[in-house]
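Q: Residue-level listing of the chains:
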Amino acid sequence: MNPLIPMIASTVVAATPLIYAALGETVVERSGVLNLGIEGMMLIGAVAGFAATLGSGSDTVGFIAAAAAGVALSLIFGFLTLNLQTNQVATGLALTLFGIGLSAFVGHNLAGLPVARLEPITIPGLTAIPVIGDLLFHYDIMVYLSVALFLAVQWFLTKSRSGLTLRAIGESPGVAHAIGKSVLTTRYLAVAFGGATAGIAGAYLSLVQTPMWVEGMSAGKGWIALALVVFGTWKPARVVIGAYLFGGVTQFQLFAQGFGLPIPTEFLSMLPYAATVIVLVIICRDPKTILLNQPASLGHSFHSAA
Amino acid sequence: MQLSKTLRSLPLFVATGLMAAAPMAALAAEPYKVAFVYLGPVGDGGWTQMHDIARQKLEKALGSAIKTTYVENVPETADSERVFRQLAADGNQLIFATSFGYMEPLQKLSKQLPKVKFEHVNGFKTAANISVYEPRFEEGFYLIGTLAGQMTKSNTLGFIGSFPIPSVVRNIDSMQLGAQAVNPKVKTKAIWVNTWYDPGKERQAADTLIAQGADNVAQNTDSPASIQAAQEKGTYAFSIDADMSSFGKKAQLSGTTEDWSGYYIAETKKAMDGTWTGNRHTRWGLKEGMVVMAPLNPDIPPAVVKVFEEKKAALIDGSLKPFGGPIKDNTGKELVAAGSQMPDAMFNSLSTYVDGIEGNVPK
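Quick note, the sequences are listed as chains H and A, same order. Taking our numbering, the leading residue of the first sequence gets 1, the next gets one more, and so forth. Taking our numbering, the leading residue of the second sequence gets 1001, the next gets one more, and so forth.
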């Protein structure tokens, strides 16, 4: 078998949780809210999804539970930042710490238990095609749903009327409020959506990538998802490309080692992060790129006078 | 005048003396306090859990004569100093530091807390009140090689390395040596993930090794991710620290585990009867029971098991040493001459691959 095929296949699996988490955060940030709690929500999703699948034997139940747990946690964030108008950065960081601690506490007795992995689907006639079948039609259902999610988010943000409202609120909540749009409701919905996708991203780790629960298993992926949103300049398509790029570089360094390429492993381990930094530097070189793309009210609390 | 003043304060002296004696008497009846400092959570299913199981065995063995305490999730930073100091202040007289990274903090503390006895795992710096203990993991990995070398069909083994430090390089080298002894054609591929614990990355490394033809993968990282990978792909893997067969019944052939209880009981007894000393470096292996092989997979053919048992017996009686010569490095240069042993200096700072391992140890 061509060695490239397993490499590409693992890239897709590595990128999928990042896509879920980063697409959700894109929507949240486009509404003007900065939620730094992705890592915490992912862990809560991971433990909830794992526990639910273990109890029910069904991956569907697991992913629904994970999304629900992510929403629950994000609503705490929503209440604090949207109703009580706390600082979004500080609250988001607190949410991450809370999620790390809570997931470890809840999952204390789940460590070391195995659960069956969500199997890749087989499409009659298509999966059997050599090369193309392996490359395109041999993944679990969540991979295909991540593509669907991308299309949905893309359509929502650029083509739908509610997406337009959401973007308007992200740019100028005061104006949106003045023309009768509910800033609070829209932002709540966006935050909840971000919570659901982060929860699913977490469950993808504990049910597909490594079907088990271990404390802190997201290992910083929430932060990478956050960086990807800036990396993609708040545009879903670029965010997805960024996720695949990041997954690809992560995979490449492992394959390079296996082939015995004489490159220091520390350098290879650094590569995905270095690539992110370089791209961010390139993007930020022109201040206008960030200025024009970043939602103008990102991170600011909104308080209506009326 | 002078005398009467002394006489008048006599009751005070007596009272002070009694007050001082009272807690002393209570202290004598109090159990001997032993503390454990853990890097991870006790439920990590590996390294830390094995230490905690040994702690429980120690409590069972010595009963009410001792009292044990543990602190989990202690980072290998200056933060750990606070934990050690607090434990000492709480009256713990013997403290087991169960991770390599506590070495420098301990060096500092040993001077400040000269009365506390410290036991440090895998380190190389001792002091008047610090002794070091280390399992002979290389014996376990040699036996992993014995199994893998016989079970492989592709003649390619894989190894997921954590950090390229001597104690880990020894494990990959001894695995290759063990495999070579039963199968001269065998080669080993290594991937270093630069982490002790990251299930996602370990999983990707395992998938990569399997995709590149390695049908027996061993690891020096802590999660069962590679066992799961092997279970799905129908290849073999080896657990570390704990038995991980619940993550892959068919895939896990065996693995190395540790039983620290024998050492912990012996050292605590020594500390209690006053024979404990610092500046010691204890290395225990299969013979002393500190290194224990995980249960063998029932699917392993009897002929393979027979060779495994022979090698194991030879390692225990000392007739076989994992690093006995002749050993060549992977460029063909002789490391250890026939009939001699790897010198301690080389053993302690090993940073070369032996013959048959592809690539170079990352520098």
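Hints listed in this document are in silico derivations from the structure and should not be mistaken for laboratory results. It is possible that some hints are incorrect.
A few chain A residues that don't get close to chain H, going by computed Cβ distances all over 12 Å [stated by the list, open to error]:
#1 Asp1044
#2 Ile1066
#3 Gly1091
#4 Leu1113
#5 Lys1153
#6 Met1244
#7 Lys1249
#8 Gly1289
#9 Val1305
#10 Gly1318
#11 Ala1345
Derived Cβ-Cβ restraints for the label pairs, each shown as a range [unchecked claim]:
#12 A:Arg1280 with H:Ile141: 55 to 61 Å
#13 H:Ile123 with A:Pro1301: 50 to 56 Å
#14 A:Val1071 with H:Leu97: 35 to 41 Å
#15 A:Ala1303 with H:Leu151: 53 to 59 Å
#16 H:Leu93 with A:Ala1266: 42 to 48 Å
Which residues of chain A face chain H? A few of them, derived with a C-beta cut under 10 Å, are [what the hints assert, rightly or not]:
#17 Gly1040
#18 Gln1049
#19 Asn1073
#20 Pro1075
#21 Gly1158
#22 Ile1191
#23 Gly1200
#24 Glu1202
#25 Gly1248
#26 Asn1297
#27 Pro1298
#28 Asp1299
#29 Gly1359
#30 Pro1362
Positions of the beta carbon are idealized from the N, C-alpha and C atoms, including for glycine.
Q: Against this structure, judge whether each hint is valid.
A: Structure-based check of all given hints:
no., hint, verdict
1, Asp1044, "violated, 7 Å"
2, Ile1066, "holds, 26 Å"
3, Gly1091, "holds, 28 Å"
4, Leu1113, "holds, 31 Å"
5, Lys1153, "holds, 16 Å"
6, Met1244, "violated, 9 Å"
7, Lys1249, "violated, 9 Å"
8, Gly1289, "holds, 23 Å"
9, Val1305, "holds, 25 Å"
10, Gly1318, "holds, 35 Å"
11, Ala1345, "holds, 25 Å"
12, A:Arg1280 with H:Ile141: 55 to 61 Å, "holds, 58 Å"
13, H:Ile123 with A:Pro1301: 50 to 56 Å, "violated, 39 Å"
14, A:Val1071 with H:Leu97: 35 to 41 Å, "violated, 19 Å"
15, A:Ala1303 with H:Leu151: 53 to 59 Å, "holds, 57 Å"
16, H:Leu93 with A:Ala1266: 42 to 48 Å, "holds, 46 Å"
17, Gly1040, "holds, 8 Å"
18, Gln1049, "holds, 8 Å"
19, Asn1073, "holds, 9 Å"
20, Pro1075, "violated, 12 Å"
21, Gly1158, "holds, 8 Å"
22, Ile1191, "holds, 5 Å"
23, Gly1200, "holds, 6 Å"
24, Glu1202, "holds, 8 Å"
25, Gly1248, "holds, 8 Å"
26, Asn1297, "violated, 16 Å"
27, Pro1298, "violated, 18 Å"
28, Asp1299, "violated, 18 Å"
29, Gly1359, "holds, 4 Å"
30, Pro1362, "holds, 4 Å"
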